[in-house]
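Numbered per numbering that gives the first Met the number 0, the sequence shown spans residues 0 to 103.
Please note that the accuracy of each hint is not assured.
As the list claims (entries may be wrong) - Restraint-style ranges between C-beta atoms, simulated for each label pair:
id	residue 1	residue 2	range
1	ILE79	TRP53	31 to 41 Å
2	LEU48	LYS100	13 to 23 Å
3	ILE79	ASP26	12 to 22 Å
4	THR101	SER29	39 to 49 Å
5	LEU82	ILE8	12 to 22 Å
6	ASP26	ASP73	18 to 28 Å
7	SER29	TRP51	29 to 39 Å
8	LEU31	LYS100	37 to 47 Å
9	LEU63	ILE14	14 to 24 Å
10	PHE41	ILE78	21 to 31 Å
11	ARG7	ILE83	21 to 31 Å
12	PHE72	ILE44	11 to 21 Å
13	ILE4	LEU67	22 to 32 Å
Worth flagging that the hints you see were computed from the coordinates, not collected in a lab.
Since the structure is predicted, the reported quantities are computational estimates derived from the model, not experimental observations.
Built from N, CA and C at the ideal position, the CB exists for glycine as well.
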Amino acid sequence: MNKNIFNRIGRILLIIIILFFTLFSLDAGSFLGWIIHMIPSFLLIIILLISWKWNFVGGIILILVGLLTIFFFDTYKSIISLLIITIPMIICGTIFMLAKKTKS
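Make a model of the complete structure from these sequences and hints.
Following this line, the structure appears as structure tokens:
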């Protein structure tokens with residue numbers, strides 16, 4: 000298996016997650032509302048840049064953000080929101096951590 004496959008899968012998955020959050024931010028009516036709703040996307044872009052350089056650190060941050068979304072977005076109340084918002088971030092963080100493990 001190619002060593003970079005986990006890097007590519009993790010990056011593509013995180014870009015899809017960012018696009019998903021960005022899609023919902025475009026629904027805001029005013030310009031300032033759009034900017035406010037883009038904050039999660041901006042934070043995920045920063046995490047993407049960190050994980051692009053340092054896989055393990057980015058993976059840990061992404062797992063922590065995924066766990067924080069359980070309480071911040073109250074995803075524990077609905078299994079659907081847990082599966083859509085939280086689980087992909089935790090899986091993506093795990094993939095980045097696996098990418099670091101396969102490099103060494």
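Here's how the hints hold up against the structure:
A beta carbon spacing of about 33 Å between ILE79 and TRP53 agrees with the range 31 to 41 Å that was offered as a hint. Roughly 21 Å separates the CB atoms of LEU48 and LYS100, a value that falls within the hinted 13 to 23 Å. Between ILE79 and ASP26 the C-beta distance comes to about 18 Å, which sits within the given range of 12 to 22 Å. A hinted range of 39 to 49 Å holds for the C-beta pair THR101 and SER29, which are about 46 Å apart.
Between LEU82 and ILE8, the C-beta spacing of about 19 Å keeps the proposed range 12 to 22 Å intact. A hinted range of 18 to 28 Å holds for the C-beta pair ASP26 and ASP73, which are about 19 Å apart. For the hinted restraint 29 to 39 Å between SER29 and TRP51, the CB-CB distance of approximately 33 Å keeps it satisfied. Between LEU31 and LYS100 the C-beta distance comes to about 43 Å, which sits within the given range of 37 to 47 Å.
Restraint check, LEU63 to ILE14: a C-beta distance of roughly 20 Å satisfies the suggested window 14 to 24 Å. The hinted range of 21 to 31 Å is satisfied by PHE41 and ILE78, whose Cβ atoms lie roughly 28 Å apart. The given range of 21 to 31 Å is respected by ARG7 and ILE83, whose C-beta atoms sit roughly 23 Å from each other. In this structure the supplied range 11 to 21 Å holds for PHE72 paired with ILE44, their Cβ-Cβ distance being about 18 Å.
The given range of 22 to 32 Å is respected by ILE4 and LEU67, whose C-beta atoms sit roughly 28 Å from each other.
No hint from the list above goes unmet by this structure.
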